[in-house]
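Undergrad: When you get a sec, could you build the whole thing from the sequences and use the hints?
Each residue of the sequence shown is one higher than the one before, starting from 1 at the first, in full-length UniProt numbering.
Source of the hints: derived by calculation from the structure; they are not laboratory data. Built from N, CA and C at the ideal position, the CB exists for glycine as well. Keep in mind that a hint or two might mislead.
Ranges between beta-carbon positions, derived for each pair [said to hold, decoys possible]:
1. 85 x 125: 27 to 33 Å
2. 29 x 126: 16 to 22 Å
3. 102 x 70: 30 to 36 Å
4. 56 x 76: 17 to 23 Å
5. 102 x 81: 32 to 38 Å
6. 63 x 96: 30 to 36 Å
7. 121 x 46: 30 to 36 Å
8. 81 x 57: 18 to 24 Å
9. 108 x 38: 33 to 39 Å
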Amino acid sequence: MTTGRTLVNIPASLTRNHRGRWVDLRLLGPVEIWGPGGPVELGPPRQRSVLAALACDGGTVLHAEMLIDRVWGDQPPDQARHTLHSYLARLRRILEAAGGARLVRRSGGYLLDGAPDLIDLHRFAR
1 MTTGRTLVNI
11 PASLTRNHRG
21 RWVDLRLLGP
31 VEIWGPGGPV
41 ELGPPRQRSV
51 LAALACDGGT
61 VLHAEMLIDR
71 VWGDQPPDQA
81 RHTLHSYLAR
91 LRRILEAAGG
101 ARLVRRSGGY
111 LLDGAPDLID
121 LHRFAR
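TA: Below, the structure is given as structure tokens:
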């Protein structure tokens, strides 16, 4: 049975993480992380949106207010900050298990710290 997906051959040298494992964070299309075992479960859509916001600006600190604005827009729920922190904690565990980029708290915000070559958007931009 096929899934209807076409896997693009990406040179292994571009997509090896710090553990030498193959990881691909995909933003062009559905937000996904693919690793040696296939797709990694990323959770609900807004949690994926948090990952996408961080990955688009990989290496740049994004403050909680910016992430809330990107994920919920002009009318965030009352518990947006609490929900954001829950999403970030889950994403940190997911990224650690996948062995790809790390989610780091720095200078009052968060950043996705890892090789830009792990992210399809950044590979495409080159």
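Undergrad: For each hint given before, does the structure comply? Return the numbers of the non-compliant ones in rising order.
TA: 3, 5, 6, 7
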